[in-house]
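Asker: So the sequences go chain by chain: A and B. For the first sequence, the positions run 1 to 206 when our numbering is used. For the second sequence, the positions run 1 to 206 when our numbering is used.
Warning: the hint list may mix true and false statements.
Since the list gives no way to pick one copy over another, a pair counts as held whenever it fits inside one copy or between any two copies.
[To be verified] In the EDC-like style, the derived pairs of lysine to aspartate or glutamate whose C-alpha atoms are separated by at most 20 angstroms in a straight line are:
no., residue 1, residue 2
1, K124, E143
2, K206, D81
3, K60, D118
4, K206, E72
Since the hints were derived computationally from the structure, they do not count as laboratory data. Because the structure is a prediction, the values reported are computed rather than measured.
2 protein chains.
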Amino acid sequence: MKKTDIPDIVIGRLPLYLRALQRMSQEGRQVTSSQELGELLGISAAQIRKDLSQFGEFGKQGTGYNIEYLLEQLLKILNLDHIWDMVIVGAGDVGHALARYQGFRNRGFQVTMIFDNDPDKIGKKIGNFTVLDVAEMVERIREAEVRVAMVATPASHAQEVTDKLVEAGVKAILNYAPIRVTAPPDVQLQYIDPATHLQRMSYYLK
Amino acid sequence: MKKTDIPDIVIGRLPLYLRALQRMSQEGRQVTSSQELGELLGISAAQIRKDLSQFGEFGKQGTGYNIEYLLEQLLKILNLDHIWDMVIVGAGDVGHALARYQGFRNRGFQVTMIFDNDPDKIGKKIGNFTVLDVAEMVERIREAEVRVAMVATPASHAQEVTDKLVEAGVKAILNYAPIRVTAPPDVQLQYIDPATHLQRMSYYLK
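Please take these sequences and the hints and turn them into a complete structure.
Answerer: This is the structure we're talking about:
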């Protein structure tokens with residue numbers, strides 16, 4: 001099945017299934033069901049069965065899903081059967097927190113470089129990383145063939161940084177700057193903006 | 001119109017419209033169109049018109065939307081015509097970054113307290129905040145009548161903290177711990193987990 005055949009909204013739910021299954025696996029569990037996954041995730045069991053059926057036959061009627069097997073298959077589908085190197089652009093508070101975050105590696109990603117344009121930050125240590133000059137970014141990313149980046153710059157720099165990342169060959173960008181950026185169609189873009197989540201919730205507050 | 005009549009997915013797009021309009025307003029712009037908003041946001045113009053029409057008549061055929069008027073209406077709809085106080089639970093790297101983030105206030109929220117359970121962190125300063133003992137959390141939140149919280153604890157503490165926040169009267173929780181939590185139906189929950197965004201993108205990588 002071609003990658004473009006499956007709706008992106010389905011792809012977006014697979015990491016949630018993966019996360020739930022990894023937790024069950026850590027707890028020593030061996031079998032689960034679409035019902036149980038659904039209750040854990042607030043997604044209907046029918047939706048989960050339909051999503052997974054797009055990729056093959058993972059469960060047997062009545063016996064549920066083998067957790068390890070489904071985990072392994074989801075890791076393959078999501079190209080997570082190896083660790084992706086990743087760079088961070090922006091060594092402010094968010095960049096700091098991302099560089100020190102311990103939760104990426106066991107989910108398929110590792111930070112390998114962090115860049116900034118501030119002479120006061122370049123050369124400083126963040127955990128095991130030395131902040132690199134953004135002027136060297138394109139060359140360094142090309143050399144290391146990194147394909148994944150997180151942008152944690154001010155909004156005013158996000159597009160310019162995105163353009164440079166694309167030039168360097170990056171194909172997946174997680175943007176923490178509170179602004180939409182544009183990139184060619186073969187580059188994946190995702191956004192994290194806590195204020196939009198807060199505003200979505202305040203609608204329901206009295 | 002009752003709040004429950006409008007699909008949550010529509011509500012979820014309103015903050016994106018708001019953000020784009022605020023940027024246009026900052027740039028001194030006065031009028032926009034569903035076409036322009038759509039191109040900026042990667043959403044179809046028809047979808048934007050349909051979403052906005054659920055709340056009233058904001059634009060005139062052929063003349064587009066008055067930016068200031070639409071902004072004002074969206075702020076009212078999203079209950080953002082005043083600033084919401086907000087607490088942070090967890091004074092680790094993510095809690096730190098959130099406490100120091102300057103981008104909440106002009107989008108309707110301000111951090112007023114940060115809590116942790118680590119004796120080494122309690123009493124320490126983060127920017128203008130002193131980290132408070134989570135043991136006092138329920139009482140302090142009740143006293144201050146705070147309704148919004150961000151949880152930046154390890155996954156293992158997220159449910160327990162959520163329960164305490166609910167007990168204290170919090171009605172909207174943005175959870176940074178990489179785990180689903182449960183709360184009563186009158187409590188809004190949103191999640192931020194960068195690894196799920198990265199995994200969604202790695203599906204498309206070669």
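Asker: Compare the structure with each hint and give your call.
Answerer: Taking the hints in turn, this is what the structure says about them:
1. K124 <-> E143: neither (22 angstroms within a copy, 42 angstroms between copies)
2. K206 <-> D81: between (46 angstroms within a copy, 12 angstroms between copies)
3. K60 <-> D118: The answer is neither: 56 angstroms in one copy and 46 angstroms across copies each exceed 20 angstroms.
4. K206 <-> E72: between (45 angstroms within a copy, 18 angstroms between copies)
Figure legend: structure checked against the earlier numbered hints; hints not met, in rising order: 1 and 3.
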